[in-house]
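A.B. asks: Construct the entire structure; sequences and hints are all you get.
Residue strings, one per chain:
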Amino acid sequence: MPLIHQLRKEQPLVHCITNIVVANFQANGLLAIGASPVMADAIEEAKDIAKVADCSILNIGTLKQQTVDAMILSGNSARAAGKPVVLDPVGAGATPFRKACVLQILDEVDVTLLRCNVGELAAIADIPWNAKGVDAGEGQADVEGIAKIVALKYACLVAVSGEIDIVTDGHSTLSITGGHPMMTNITGTGCLLSSVVGAFLSIGSERPLEAAAAALAFYKRAGEEAAKVSHGPGDFAMNFLNALYTLDRKTKTYLV
Amino acid sequence: MPLIHQLRKEQPLVHCITNIVVANFQANGLLAIGASPVMADAIEEAKDIAKVADCSILNIGTLKQQTVDAMILSGNSARAAGKPVVLDPVGAGATPFRKACVLQILDEVDVTLLRCNVGELAAIADIPWNAKGVDAGEGQADVEGIAKIVALKYACLVAVSGEIDIVTDGHSTLSITGGHPMMTNITGTGCLLSSVVGAFLSIGSERPLEAAAAALAFYKRAGEEAAKVSHGPGDFAMNFLNALYTLDRKTKTYLV
Amino acid sequence: MPLIHQLRKEQPLVHCITNIVVANFQANGLLAIGASPVMADAIEEAKDIAKVADCSILNIGTLKQQTVDAMILSGNSARAAGKPVVLDPVGAGATPFRKACVLQILDEVDVTLLRCNVGELAAIADIPWNAKGVDAGEGQADVEGIAKIVALKYACLVAVSGEIDIVTDGHSTLSITGGHPMMTNITGTGCLLSSVVGAFLSIGSERPLEAAAAALAFYKRAGEEAAKVSHGPGDFAMNFLNALYTLDRKTKTYLV
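Protein chains in written order, with numbering that gives the first Met the number 0: chain A, 0 to 255; chain B, 0 to 255; chain C, 0 to 255.
You may find that some hints are simply not true.
Now the in silico label distances, taken between C-beta atoms and shown as ranges [what the hints assert, rightly or not]:
hint : chain 1 : residue 1 : chain 2 : residue 2 : range
1    : A       : Gln-5     : C       : Glu-205   : 39 to 49 Å
2    : C       : Val-228   : B       : Glu-9     : 55 to 65 Å
3    : C       : Asp-247   : A       : Glu-223   : 26 to 36 Å
4    : C       : Ser-174   : B       : Lys-50    : 31 to 41 Å
5    : C       : Asp-247   : A       : Ala-154   : 47 to 57 Å
6    : A       : Gly-144   : C       : Gly-81    : 33 to 43 Å
In the SDA-like style, the derived pairs of lysine to any residue whose C-alpha atoms are separated by at most 20 Å in a straight line are [unchecked claim]:
hint : chain 1 : residue 1 : chain 2 : residue 2
7    : A       : Lys-50    : B       : Asn-129
8    : B       : Lys-63    : A       : Ile-42
9    : B       : Lys-8     : C       : Asn-129
10   : C       : Lys-63    : B       : Ile-71
11   : A       : Lys-63    : C       : Gly-81
12   : B       : Lys-63    : C       : Gln-65
13   : B       : Lys-227   : C       : Ser-229
14   : C       : Lys-50    : A       : Asn-129
15   : B       : Lys-63    : A       : Glu-43
16   : A       : Lys-98    : C       : Leu-208
17   : B       : Lys-98    : A       : Asn-129
18   : B       : Lys-63    : C       : Asn-129
19   : C       : Lys-63    : B       : Glu-43
20   : B       : Lys-63    : C       : Ile-42
Note that these hints are calculated values from the structure, not bench results.
In this text, a Cβ means the ideal position worked out from N, Cα and C, and glycines have one as well.
C.D. replies: Set out below in C-alpha cells:
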C-alpha cells in the first residue's frame, strides 16, 4: 500500500512544537493529509504528548529559550518511545541565538531527520552563505556534499528543500523534482513540509529514507496541483490544502 | 427577534484567551457572525478586558501556567461584572497538566458554560476514554448522563459537540442535529464554536440553555451551507466563514 | 519607477514583532506585495534581526511585558542602523496596560511612523473616546488636528486609518480615499497595513510622507479589487491577498 494510503488509514498523531506564524496552516495541512495534529509546547506537558504521539516536530520559527527546553524534553521523550523526531531549523543563520539553539538541539536530541532549506543547511555546516531572514538566500555550495556531511555528523537524515529536493542518510541520496515556485510565496510551506515528512516517517519507519522521499514527492505534487487552479497566493494556500486532501484519494467527492 | 439578528445589531465584545493555532480563525469567525473579538491574554490586562467585554472565552489549547492565572483573573472579573464565561477544555485528557488546569479553572471560576467534545467530557468526569491528542477519540459512554452530572457538579451549562450536539443544565437537555463531518477536518471549529456560544449567551442571557442551543444549531447550519460549495478542507474553511456571515442575513449582497 | 515596482524588485526584509492573531496573515500579505517577512520577537534575537532588516514593525496586539522590552531593543537597533520603525498601537485605549506600553515605546524609541485607527489615536492623545476593544469605536474629534499634535510631539509621521486615511508629519497632511468597508470585517487588515507601510518606507526613505501615502493608497485599491470578487469575509481575505500580489503587476499570470 502506498504510504499516503496507510497514513490516511492510521491517522498518526503528530506532535508539533511550532511557531505563531504557521501553527494554523500546519495543523490544517496535517489534517488535510489525514494525520491528527496536536500542538503543545508548554514545558509542563510537551514530553507527555511526545511520548504518546507517533512523531514529534520541533520548529524554531518564533523561538523562546523556554521553548528550547521543551523541545529537548519532547525530543528525548519521543526518541525514548521509539518515535521519529524532525527538526526544522527555521532561519538557523538569521541570528546567533537561532544557530546556538539548533546546535544545542542537535547535540542533545537524537534527531531522526533535519528538514531545512539550503541557507539553513549552510548555517548548520558553518558554510558562508547570504541567508535572508528565514528565506533560503543566495550562495554557491555543493548542497548534496554538505547535506551528507551533516547527516553523518549528527547520524540523521537530512532533507534539503529547493527547486530540487534532496534527502540523504550520508551515504545514499534521493532527489525529488517537481513542485512550483509559488510554494515559496506563502508562509509556512517549509514548516508544514517538515510535519508531513514526520507523519510519513511514522508510517514508513522501516525504510525512513524512502518514506521521507515519498513525503517530499507527494508535497511537490500537491503544489503543482494547487498552482494549476490558483490566481494568486491567497487562493494558492487554499488550493494547496485541498490538494493535500484530495491527492491520491480514490474518491474525490468531499461529501463523506 | 432571532438571537442572531440581535447579535448582529448589538455586536457584543467577545474577549478570548485562546491558543496560537486558532486565534486568527476564531477572531475572523466572531467578526463573521457580527461580534467584535478582542484577544488579550496578558496577565497585566486580561481582567480589565474581561470586565468591559460582553463575555469571556477561556481556551486551553496551547496553555502555559501563566495563562491559567490570567484565565482565572479574567473569568472572575467577567463573572463579577455579570458576564458569561465559556470554558473550552481543549484536549483535557491529553496530559495530566491540561486536566489539572481545567479542574483548577472549574474550581476557581464560576464558569457559565463548558463547551467540549466527548473525550474532554470524559476526562473531566474521570470516565475511562481513548482520547487522541485534542480530538474526541473513541469510547462508549452515556454522554447525556455524564454531561448532566458535570453540569450539576459545577453548576454550569455543559455543551458537548459531536455528530449530535447536546447542551444541558443538569436537568433539561436539548439535542441539535445537523452539521457536516468536514467540520472536524479543519482545525479550530470547536474553539470557534465556544466563542460563538459565548456571543449568543451574552445576547440571550435570560434563557441561557436556549441561547446555547441556538448557537449550536446556527453553527451546524453554517457547516452544512459551507460543505455544499466546498471541494476540500481549504475552501471549506473559507466557505464556512462566508456562511457564518451570510446565514440568516436579509441581504446577501456583500457590498454594504 | 513606482514604489511598488521598486519594492518587488528589492524585496525588503520586513521584521515584525507581532501578535498571535494576525502573524500568519501579516506574513502572507508581506510576501504577496513582494516583501520578505521575518517574525522574531524573542528578546534574545529581536535586536539582531532588526539591525539587518530593512524596517521593523512593532505591533502590540497580544502584548506581554517581555515583548515590550524586545520591541524597545529592536526599535532602537533598527533606528541606529538607519532603518524605519513603524508602531501599531493595537487597542491602545482598551486597557491601562496597553496605553502605558505604547507611551513607553514612543518615549524610548525614535518611531518613524505611528499607524493607528482613530480610537487608538485618541488614547495616545488623551482625548475622550468610546473605543471598543481593538476596534476604532465612536466619538467626535478633529482627527487631522490631533494627528498633527501627536506627530509633532513624537517627531514622527502619523497615519490614521478609516473611511478616509490620512498621514501627516505635523505640517503637511495627505488624505487617501477609497477602500471598502469589508476591510474592517476581517481581522488583521490594520496590522498588515502597518507592515506594508513599513515596507514602502524602507524603499521610499527620501520622501517618507509620500511613501506612506503610496502604501495607504495601494492598500485601499487592493481592498476594492478584492471586494469586487468576494461573497463574504472568508473569500475576501483570500482575494485581498491575491490583489496585493497582482495589483500593478505587468503580468497577471500566476505561473512564473
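A.B. asks: Evaluate each hint against the coordinates.
C.D. replies: Structure-based check of each hint:
A beta carbon spacing of about 59 Å between Gln-5 of chain A and Glu-205 of chain C contradicts the range 39 to 49 Å that was offered as a hint. A C-beta distance of roughly 31 Å is found between Val-228 of chain C and Glu-9 of chain B, which places it outside the suggested range of 55 to 65 Å. Range check, Asp-247 of chain C to Glu-223 of chain A: Cβ separation about 28 Å, and the 26 to 36 Å hint holds. Separated by about 37 Å at the C-beta atoms, Ser-174 of chain C and Lys-50 of chain B satisfy the suggested range of 31 to 41 Å.
Taking the beta carbon of each, Asp-247 of chain C and Ala-154 of chain A are about 50 Å apart, inside 47 to 57 Å as hinted. Roughly 39 Å separates the CB atoms of Gly-144 of chain A and Gly-81 of chain C, a value that falls within the hinted 33 to 43 Å. Between Lys-50 of chain A and Asn-129 of chain B, the direct Cα distance comes to roughly 15 Å. Compliance with the 20 Å bound is thereby established for this hinted pair. The hinted pair formed by Lys-63 of chain B and Ile-42 of chain A meets the criterion: a straight-line CA distance of about 8 Å does not exceed 20 Å.
Of the supplied pair hints, the one linking Lys-8 of chain B and Asn-129 of chain C holds, its CA atoms being roughly 17 Å apart against a limit of 20 Å. Pair hint Lys-63 of chain C plus Ile-71 of chain B holds up; C-alpha atoms about 17 Å apart against a cutoff of 20 Å. For a cut-off of 20 Å, the pair hint linking Lys-63 of chain A to Gly-81 of chain C is broken: about 27 Å separates their Cα positions. With a C-alpha separation of about 15 Å, the suggested pairing of Lys-63 of chain B with Gln-65 of chain C holds against the 20 Å cut-off.
Between Lys-227 of chain B and Ser-229 of chain C the alpha-carbon distance is near 17 Å, which keeps this suggested pair within the 20 Å criterion. Taking the CA atoms of Lys-50 of chain C and Asn-129 of chain A, the gap is near 15 Å; set against the 20 Å cutoff, the hint holds. For a cut-off of 20 Å, the pair hint linking Lys-63 of chain B to Glu-43 of chain A stands: about 8 Å separates their Cα positions. The straight-line distance between the Cα atoms of Lys-98 of chain A and Leu-208 of chain C is roughly 38 Å, outside the 20 Å bound, and the hint therefore fails.
For the proposed pair Lys-98 of chain B and Asn-129 of chain A, the alpha carbon gap of about 47 Å is over 20 Å, so the pair is violated. Only pairs whose Cα atoms come within 20 Å are accepted, and Lys-63 of chain B paired with Asn-129 of chain C is rejected, the gap being roughly 33 Å. Among the hinted pairs, Lys-63 of chain C with Glu-43 of chain B is consistent with the structure: their alpha-carbon atoms are about 8 Å apart, no more than 20 Å. A C-alpha spacing of about 19 Å is found between Lys-63 of chain B and Ile-42 of chain C, which places the hinted pair at or below 20 Å, so the restraint holds.
This entry does not satisfy hints 1, 2, 11, 16, 17 and 18, going by the numbered hints stated previously.
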